[in-house]
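Asker: Use the sequences and the hints to build the structure in full.
Residue numbers (this note's numbering), protein chains in the order written: chain D, 1 to 168; chain B, 1 to 168.
Calculated from the structure, these hints are not laboratory results.
This structure is a prediction, so every number in the text was calculated from the model and none was measured.
Be aware that a few hints might be false.
Note: identical chains are not told apart, hence a pair may lie in one copy or across any two.
[Claimed, not checked] Below, a list of computed lysine to any residue pairs in the SDA-like style, where the Cα atoms sit at most 20 Å apart: (1) 168 with 128; (2) 131 with 12; (3) 168 with 134; (4) 92 with 154; (5) 38 with 70; (6) 131 with 117; (7) 131 with 17; (8) 168 with 129; (9) 92 with 17; (10) 131 with 164; (11) 168 with 127; (12) 131 with 166; (13) 92 with 41; (14) 131 with 19; (15) 74 with 104; (16) 105 with 73; (17) 131 with 167; (18) 38 with 155; (19) 131 with 14; (20) 131 with 22; (21) 105 with 19; (22) 92 with 29; (23) 131 with 15; (24) 131 with 8; (25) 131 with 20.
There are 2 protein chains.
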Amino acid sequence: METTNITSAILTTEELLEAWQGHRRLTRRVIEALPEDKLFNYSIGGMRPFAEMAMELITIAAPGVEGAATGEWKEFGEIQTPEGIKGTTETKDELLELWDWTTEKIEEFWPQIPEERFQEYDVAFGQYEGKIWWHIFYFIDNEIHHRGQGYVYLRSLGIEPPFFWERK
Amino acid sequence: METTNITSAILTTEELLEAWQGHRRLTRRVIEALPEDKLFNYSIGGMRPFAEMAMELITIAAPGVEGAATGEWKEFGEIQTPEGIKGTTETKDELLELWDWTTEKIEEFWPQIPEERFQEYDVAFGQYEGKIWWHIFYFIDNEIHHRGQGYVYLRSLGIEPPFFWERK
Numbered sequence: 001m002e003t004t005n006i007t008s009a010i011l012t013t014e015e016l017l018e019a020w021q022g023h024r025r026l027t028r029r030v031i032e033a034l035p036e037d038k039l040f041n042y043s044i045g046g047m048r049p050f051a052e053m054a055m056e057l058i059t060i061a062a063p064g065v066e067g068a069a070t071g072e073w074k075e076f077g078e079i080q081t082p083e084g085i086k087g088t089t090e091t092k093d094e095l096l097e098l099w100d101w102t103t104e105k106i107e108e109f110w111p112q113i114p115e116e117r118f119q120e121y122d123v124a125f126g127q128y129e130g131k132i133w134w135h136i137f138y139f140i141d142n143e144i145h146h147r148g149q150g151y152v153y154l155r156s157l158g159i160e161p162p163f164f165w166e167r168k
Numbered sequence: 001m002e003t004t005n006i007t008s009a010i011l012t013t014e015e016l017l018e019a020w021q022g023h024r025r026l027t028r029r030v031i032e033a034l035p036e037d038k039l040f041n042y043s044i045g046g047m048r049p050f051a052e053m054a055m056e057l058i059t060i061a062a063p064g065v066e067g068a069a070t071g072e073w074k075e076f077g078e079i080q081t082p083e084g085i086k087g088t089t090e091t092k093d094e095l096l097e098l099w100d101w102t103t104e105k106i107e108e109f110w111p112q113i114p115e116e117r118f119q120e121y122d123v124a125f126g127q128y129e130g131k132i133w134w135h136i137f138y139f140i141d142n143e144i145h146h147r148g149q150g151y152v153y154l155r156s157l158g159i160e161p162p163f164f165w166e167r168k
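Answerer: Put into structure tokens, the structure is as follows:
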């Protein structure tokens, strides 16, 4: 009889997906909370407006989860985007539409990531070497990082940010 | 013969520890990068100075990892702190000393968390119900969130923040 080392899972893939989507729901609220002109033009210390940060997150998330699933790391422009948007947004509605499109892409590709794949090494976007779990964590951590910056933008504008713990 | 569902681990407990400590090394660099007076007094939009955010992280991390390991959720003041510090800091050196003490506490208690414990529910600090992995992720995510805010403080002061991807 073969024996196998059973490793307890810290968390399941479904739980990790839900944690990520929970963060994404919170980030969506930050986009919603910023007045449209501030979303695209407001900056502190020469940093990017929050719309540009959100676009960075979008351009990482959808091709990133596809790369994790398939091993093919495409650029954002190479994957199908909602008609009429094509990777640039000029209004809050367009940005939110692209955000929600990304949510669907994540839901579509996530179940296609084989469980053992999280421990495999891959070169994400042809540039970054690491295990798949690390890449996914990086996507999430980078979002939390920029969203925290969005909180400062909101506070400096006198706008109450959403509760950090609210992820529904 | 009993059969057991073998779940592939997304990541190992050692990898999660290293990811956390990597984030903590980066946060330490943000503390170091802020001039001492700005660390304790500078604020945007009525938010707390970064020293207060860092103290929040310290008061969560050490008792948090002990709670994850033992099921006993103590307040920060109840656990042993370095002599002469007692949970308040007035200088950058004191804050960094307490940060490094926390690093050691995490290293001490982390290996005492049983692997299966990450999937157990517990009420962290007597208030927050969730699985242990969720609590640990919350500690880490909360740190990334506040550190992102520290980056805005730095940028607004004309100081280049450390690279986000540098975790050594």
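Asker: Out of the numbered hints, which ones does the structure contradict?
Answerer: Going through the list in order, the structure violates hints 5, 9 and respects the others.
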